[in-house]
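Visitor: As they're listed, the protein sequences go chains Y and X.
Be aware that the first sequence starts at 1, since it is given in our numbering, and climbs by one per residue.
Be aware that the second sequence starts at 1001, since it is given in our numbering, and climbs by one per residue.
Calculated directly from the structure, the hints in this document are not laboratory data.
Note that the structure is a prediction, hence the values are computed from the model and not measured.
Heads up, the beta-carbon is just placed ideally off N, CA and C, and yes, glycines get one too.
Fair warning: there could be bad hints in the mix.
[Said to hold, decoys possible] Which residues of chain X face chain Y? A few of them, derived with a C-beta cut under 8 Å, are:
| id | residue |
| --- | --- |
| 1 | T1005 |
| 2 | E1006 |
| 3 | A1030 |
| 4 | K1063 |
[Stated by the list, open to error] Within a straight-line C-alpha distance of at most 30 Å, the following computed DSS-like cross-link-like pairs (lysine-lysine) qualify:
| id | chain 1 | residue 1 | chain 2 | residue 2 |
| --- | --- | --- | --- | --- |
| 5 | X | K1184 | X | K1198 |
| 6 | Y | K69 | X | K1184 |
| 7 | X | K1230 | Y | K19 |
Number of protein chains: 2
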Amino acid sequence: MAEFTELSRSKSHGGSVVKYRHNSDVLGCAMQFSAFLPPAPGPRPVLFWLSGLTCTEDNFIQKAGALKKAAELGLLLVCPDTSPRGLGIEGEDESWDFGTGAGFYLDATAEKWKRYRMFSYITKELPELVRTHFPVDPARASISGHSMGGLGSLVCALRNPGMFRSISAFAPISNPIQCPWGVKAFTGYLGDNKAAWKDWDPSELAAKYEGPPISILVDQGSEDSFLHQKQLLPEALETAVAGNDRLNLQLRIQDGYDHSYFFIQTFIDGHLEFHARALST
Amino acid sequence: MAEFTELSRSKSHGGSVVKYRHNSDVLGCAMQFSAFLPPAPGPRPVLFWLSGLTCTEDNFIQKAGALKKAAELGLLLVCPDTSPRGLGIEGEDESWDFGTGAGFYLDATAEKWKRYRMFSYITKELPELVRTHFPVDPARASISGHSMGGLGSLVCALRNPGMFRSISAFAPISNPIQCPWGVKAFTGYLGDNKAAWKDWDPSELAAKYEGPPISILVDQGSEDSFLHQKQLLPEALETAVAGNDRLNLQLRIQDGYDHSYFFIQTFIDGHLEFHARALST
């Protein structure tokens, strides 16, 4: 049995915020994640939250103001870290948008980065840990995330038809093969074969998706500096989904909001309610 | 006119989270504070929040999950830092519970620490800045805080009868002259004359308070390690208030909660509603 340690536990809103550490077979290093265990008894539906560049397992659970509504809805939240850590790869800590804290939720193929396999970690190893250690209903899972984590929520769900009941994102990197962050990361993790990049691009995946119908909720602030820098490109996702009647996208441009957790705080309750509806049956 | 600079602004819950920097005449250094400006128009009531040891102007505004309710109630929040910074006093950065980040909301008398005057900053300079720069109703102010900041909210209000309409605190240091944190801080800031210490002790001040009647709401987690270490001593406050019919204390022991912001998150809405009632007329 792999090591699985509880690092801290705080009561909150009648439930518990708990941080865990475990040895990841997929990534080959110790990993941490945070969870919110709601007070409701019995097998709970689970929402996976994927954070953005530079974040850890702490950001969402501390700053999103999501726990009151999650307790009320009986949603179990799982918030993993954003990359492997401490693998000792040359240059892993040099950039804030590549390497440590910037795993991009893909499985790298470049030899140097081959242990960066956050996609497999999020979609295989982590759900298995959750099923083993928590009172969840494995048939009821949804996924959400912010920025790079919004990319992750879309990629993980669209590549695994049927695994998640609903998808949401705040300011997702929607078309990484066309933006500076994505080109840098994909060049590093996947190499120069751009045809392979499309397998990790939410808009490319949305155009080709052939799984069961699924709803996607996206909030995007109009004053998000990364939107203006064309890192996010939500219009590409909108165009891709328009051509695929298996996907139902609600893209809301929120006037005056930026890229911060103050934006996420404002709309998180609506996302939790969106997922709870999809998870209720 | 003193320098007063807006450092950042994010829209949240229809209002704005803003961080400011200004030169403090009282403290003799640059100071920062955060504010939440609710969407409601017109002169707003204001709630001052005082944070605990090691905190800055960021902790509450980022982690308390208070903004949704503050927006709904139309409360303007002001969250100052916890000490002067960068004064260059020998030893100011050596302890986490004394010096930088640990001003204890008093006016120091020891020569070495004479620029540590957080009490005057919070009760004179900061309210004046707030009145000058924000659409507040100066007659409607309340005060709250956490741990050392709970001590601060009680001391600032009890020493200034009529300045605040209501007082609340999460896990306040209620009787510092009897606990290790308080004895260390008061010895440093005030010297060895223990008679003078009583002027900065919430329980001592509560026993002697002769101002207009005022209500105090205190939440205390039963699993707070600092409660068990006898740093907080809420029973001393309870005893002092029991002998003073001008003070109405509701002390709630919250079963299973600790000292963290996950505890504050759980009960903050009730504190904001408590203050909004006192500020509504």
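Visitor: Evaluate each hint against the coordinates.
Guide: Against the structure, the hints:
1. T1005: With a closest approach of 19 Å, the T1005 (chain X) hint is violated.
2. E1006: This interface hint is violated because 14 Å lies over the 8 Å limit.
3. A1030: For A1030 (chain X), the interface hint is violated, since the closest Cβ of chain Y sits about 23 Å away, which is over 8 Å.
4. K1063: With a closest approach of 5 Å, the K1063 (chain X) hint holds.
5. X:K1184 / X:K1198: 14 Å, holds
6. Y:K69 / X:K1184: 41 Å, violated
7. X:K1230 / Y:K19: Holds, at about 27 Å.
Violated hints, listed in ascending order, are 1, 2, 3, 6; each of the other numbered hints is respected by the structure.
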